[in-house]
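**Q** Chain by chain, the residues run as shown.
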Amino acid sequence: MWALNDQTILKESVDAYNKDHPDQKITLRMFANDDYKQKLRVAFGANQAPDLFFNWGGGALDDYVKAGKVKAVTDAQVDLLRFTPSVLKSATFDGETYGVPANGLAPVVLYYNKKVLKDAGVEPPKTYAGLLAAVKKLKGDGVIPISLAANSKWPTLMYLEYLLDRVGGSDVFDRIAGGDPSGWKDPAVTGAATRLQELAGAGAFGDNASSVNYDQGASTALLYTGKAGMELMGTWEYANLVKAAPDFAKKNLGYVAFPSLSGGKGDPKDIVGNPSNFLSLNAASKNKSAALTYLKDYVMNGDQVDAYLAAGSVPPVNGLDSKLAAVKSDDKSWLAFVYKLVQDSPNFQLSWDQALPSDQADPLLTNVDKSFLRQIKPEEFGANMYKAAQ
Amino acid sequence: MSTATAPRRTLTAVTTLRRTVTGGATFVWTALVVVPVYWLVVTSLRGSTDFTTASPLAPPAHPTLDNYRTVLDGGFTTYLLNSVVVTAAAVAITVVVALMAAFSIVRHTNRWSRLTFRLYLLGLAIPLQAVIIPVYLLIIRMHMYDSLLAIVLPSAAFALPVTVMILVSFLRDVPRSLFEAMVVDGAGDWRMLFSLAAPLARPALMTVAVYDGLQVWNGFLFPLILTQSGDKAVLPLALTLFRGQFGIDVPATMAAVVLSTLPMLVVFVLARRQLVAGLTAGFSK
Amino acid sequence: MATVVRTSRPVVSHRARPGAARGGRRRRFSGLLMAAPALLLFGLFGLVPLVGVLVLSLARWDGLGSVGWAGLANWTGVLGDGATWQALWLTLKVMVVSWLVQTPLALATGVFQAPRGRLRALFAVLWFLPLLLSAVAIGLTWQALLDPSFGIGATPGLHWLAQPLLGSPDLALYTVIFVIAWQFTPFHALLYQAGIRQIPVSLHEAAAIDGAGPVTRFLRITLPQLKYTFVTSSTLMLVGSLTYFDLIFVLSGGTGGPGTATRVLPLAMYITGFQAHDMGRASAIATLLVVFGLALSLLTTRLSGFTRMDSQQEGL
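Protein chains in written order, with full-length UniProt numbering: chain A, 1 to 390; chain B, 1 to 285; chain C, 1 to 316.
Isolated chain A (complex conformation) (with noise of 0.2 Å):
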């Protein structure tokens, strides 16, 4: 089996199975984030790929199930009720489902430093228009507004993700990721990019955020250091902060859904990032019944749930409220927040690089960071991804 590095709680999941079934072990191993997707491919061309496999759902897996390499499984052989629909949908196609929640739910959150925006008289941000003003305030007190890795496309993607569901509605992308290039025409794309325009334009990534790299940790030790206010991540985040610096996860650190937008057409309770990762199960296994055994009985059972929540980390199984209601670490708010956001977002949007086939995904983050570097105008950016997606 397959997975990404610091996945404690799987590798803990798979420690139980091999003690309970020593004749049959699972062998486990773990990847760095950048190489684990081409990693992956690369494995199933050379038809080397493991039995189970890590990865986000989205248009990266429906690549795979187009190829005949993934094993739908039924609820029949795993349980699927147990699981949040709304992540289930990441990972269905057609009607059948490719793999099983390995992971906490990661929707996308604004964190913020306390202290930072304590000093500078700012509010959290409600609104995209709260959210410029605080840029405005926090630049002015010679912090760096929100700090972002733009260096490794990603993080910027995010701000167009929500952006976009703000401005158009989830409707636009659902469009796109079904096949239909032409929601990329939709005049909601072109409003995104101009409002990451006007973010950036208004200096709210400070000078250097283009040369920020998430892998080297620096715009998470930003915003612990109190060098900047702000940082929009996933939820995965959380963990890095409390490990990194546990003092300021304890009295600083502060988080709010990403802002809304008056006059636009989206769900302000919209959420978007990775609904949950998955474990699907490769097509030319030859160990199927014992991998269906273990996505059975080991992944997201009850004691993983426990680790999750202990971990601050909220699994993506229903009827959570009675678990959450007896937490009783430093991370009980976090989690009911993280909860409470989830179950009352109509729309849980997976980021967008992997809801696309893989083809596109490097258009896309190229297309994302030249728009954030305002090296295209923003009409540019839609246009370029329609051509990309023809």
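Rather than coming from a laboratory, the hints here were simulated on the basis of the structure.
Hints should not be assumed to be uniformly reliable.
[As the list claims (entries may be wrong)] Capping the alpha-carbon separation at 27 Å, the derived lysine-lysine pairs in DSSO-like fashion look like this:
1. A:K370 <-> C:K227
2. A:K114 <-> A:K89
3. A:K126 <-> A:K332
4. A:K137 <-> A:K250
5. B:K232 <-> A:K11
6. A:K286 <-> B:K232
7. A:K265 <-> A:K118
8. A:K328 <-> B:K232
9. A:K387 <-> A:K251
10. A:K265 <-> A:K387
11. A:K323 <-> A:K251
12. B:K232 <-> A:K37
13. A:K118 <-> A:K250
[Stated by the list, open to error] What the simulated footprint calls covered on chain C by chain A, stretch by stretch (three residues with Cβ under 8 Å from a Cβ of chain A suffice, anywhere in the stretch; the number is not a length):
14. 61 to 70
15. 148 to 159
16. 163 to 169
17. 226 to 234
18. 246 to 257
19. 275 to 281
Just so you know, even glycine gets a beta-carbon here, dropped at the ideal spot from N, CA and C.
Fit chains B and C to the known structure of chain A by using the hints.
**A** Chains B and C alone, transformed into the frame defined by chain A:
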């Protein structure tokens, strides 16, 4: 008298100016080279809090070897061993095979040997990035994907052109009469190769071995594309793995960089002359 | 045939004896046998892929399924794409600017290192340091070092370095070229050092007796004598610049960014092939790279006689 001192004074002025410029330039260049290396070492000794708060060039307030422990616990020895195996195997194959080819080219001056020589010349001009896709396909078809052999064979193949060229140019300078004398003695090609050419070419063999070794040791593209598992990773690839793994932890990544450089440092200290000769192998005869 | 004719002639040398004729055939055979392993290895992984890349450039292959025929679609796609031409332009730019930066630096440091002496030897050792690091190690180090928030720019007095050196589309390429120079200048300095040490001391002595100053001697003696070193070093720099892949890959986080500001041809090939999984199109880009490399080496060979088969005494 005065006519004699005037030019001498201008001469000293020029000399002083030259010395100042040289000294200044030497200082700047040394700083440019040394400061990053110094920073690398110092950072690898910092704790992660120290890293975000301390002045980057100040010595660490509380030097720690924790980062090195993290790296060593992270499978460093496996990567080191893989690198050593891959480099040794590739160099051995290249040097032996290239010596035979070079000998054959030098001793048999016919149409065929000229053609093969030109093939290697052509090979010098092929950037290995350009053929990585077919090589990748080939390795998959040969069922060698994700094995150390998948790095060894292409690396050896791409080291051949330059190795053959250097050895040919060396063997060409061996006086013809030495070979002729052995022919008169009734020696065949193989005996000439082993008892004459190989011993004579020892310095050249040393330098090409070092040169090829460096290329393979530092090679990144073949391991990147032709292997996938952690237990098959060689050092340069492992560095990028560490980066992904430690993410937030720059000091640990820098410790991995330092550790990956230590073997070369050892070679440098023990055999600087051979290393320098190998680096500039054949290019500065 | 030839042997028959020869044996019928009066014996003039040992070569023409019947026994030696058999030996000649055996010799030819052993010569072939000796050349065979190298040819096999190089043929399989060097020449076959060279043809393969051309064939694949006419194919459709996503790295997952089977290989299909695409005709000229990849080529029209690649040649009609502005990104290809930009990548080609960037490759040329890196090549030429690197050469312009590294040559004077390497010459200067080489000249400084060449005379024997304790102090100069010490500097030579320090300047050698970059050669001990792999391209990946150098890339990771510089990427972290140039981080505007926690890198060198955070040092008091060096805040002017806290700039998006790798992040600004205008600066990134030059930063990359600088790091390339950091990596490779010491190597070329060694070449020049070796070249200088080979200049006969008598030339300098004679000139000194004639009253030539150090500058004159440098311009009149050292530089002309370094002609072949110059050619060798330049050839290696130009041809080698096609292979700066590793460093740029690491410095730009594998994307050739910001935007596409550092996406040179090899990187464009890698991203097309191994990230967007369009192997056919990537092969077309790779073919461009082959043509580029061959043209370059043909040009430098013409200009320098670098690869002459006969006397290797001066150049190689």
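**Q** Check each numbered hint against the structure and report the violated ones by number, ascending.
**A** 1, 2, 7, 8, 9 and 17
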